[in-house]
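Undergrad: These protein sequence lines map, in sequence, to chains A and B. Take the first sequence: its letters are residues 9 to 122, numbered as in the working numbering. Take the second sequence: its letters are residues 37 to 145, numbered as in the working numbering.
Treat the hints as calculated values from the structure; they're not laboratory data. Please note that the accuracy of each hint is not assured.
Unchecked claim - Straight-line alpha carbon distances no greater than 16 Å define the calculated EDC-like cross-link-like pairs of lysine to aspartate or glutamate that follow:
1. B:K132 x A:E110
2. B:K132 x A:E67
3. B:K87 x B:D107
4. B:K87 x A:E110
5. A:K50 x B:E77
6. A:K50 x B:D74
7. B:K72 x A:E110
8. B:K132 x A:E52
Claimed, not checked - Covered stretches of chain B, going by a simulated chain A footprint (3 or more residues, C-beta under 8 Å):
9. 75–89
10. 132–140
Since the model is a prediction, treat every value here as computed from it, not as a measurement. Note that CB positions come from ideal geometry on N, CA and C, so glycine has one too.
One letter stands for each residue in the lines below.
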Amino acid sequence: EPEVTQTPSHQVTQMGQEVILRCVPISNHLYFYWYRQILGQKVEFLVSFYNNEISEKSEIFDDQFSVERPDGSNFTLKIRSTKLEDSAMYFCASSHGPPAYEQYFGPGTRLTVT
Amino acid sequence: GQQLNQSPQSMFIQEGEDVSMNCTSSSIFNTWLWYKQDPGEGPVLLIALYKAGELTSNGRLTAQFGITRKDSFLNISASIPSDVGIYFCAGRPLGKLQFGAGTQVVVTP
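Just need the whole structure built from these sequences, with the hints factored in.
TA: The following block contains the structure:
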């Protein structure tokens, strides 16, 4: 069964450093998403991406964040200058249709900013 | 802003018992999705609902999209130990998917 994959599973970085989180969405899906989950809290939407552009973003997704689909399979989230409060699980998701369709989540990347 | 409330926050049940949880929103939703999350893993989609009044089953799981389009419930029948985890509702009014705070289910033998 196809699934969303994410790398790395755990990333430790120092405050102020740039990180890139990588995702490979399900191959025939057209819509891609990033979510964040701070430990013990609910999943929060960051951004959705379709047709090579951002279709929606939350207030969390400020200028420090960017997304890219550099090739036909990868979808990346970049945080330019990490802050302590960026420590969280970051989940990539994809769906075949618009956001109302079922979204399938990857296993997540645990980001720890020290 | 839109409010999405999920209850109960946690449930401690005995194996074999049924479990029921629900979500309510302050606005009309077009989609309700129910996910289960195990510790350290990503949410796994259980059931998707698209129409008011829709009742959908997936094995021992049953979920319904409320008639008012402002609520949804998830039932788990005859719970087993592997049902342990956090269950999230997620809904979409317009635009981004919003998640509830989760219901932690603990099943004791």
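Undergrad: Against this structure, judge whether each hint is valid.
TA: Okay, the hints, checked on the actual structure:
no.: 1; hint: B:K132 x A:E110; verdict: 13 Å, holds
no.: 2; hint: B:K132 x A:E67; verdict: 12 Å, holds
no.: 3; hint: B:K87 x B:D107; verdict: 12 Å, holds
no.: 4; hint: B:K87 x A:E110; verdict: 14 Å, holds
no.: 5; hint: A:K50 x B:E77; verdict: 13 Å, holds
no.: 6; hint: A:K50 x B:D74; verdict: 13 Å, holds
no.: 7; hint: B:K72 x A:E110; verdict: 14 Å, holds
no.: 8; hint: B:K132 x A:E52; verdict: 10 Å, holds
no.: 9; hint: 75–89; verdict: holds (count 8)
no.: 10; hint: 132–140; verdict: holds (count 7)
When each numbered hint is compared with the structure, no violation occurs for any of them.
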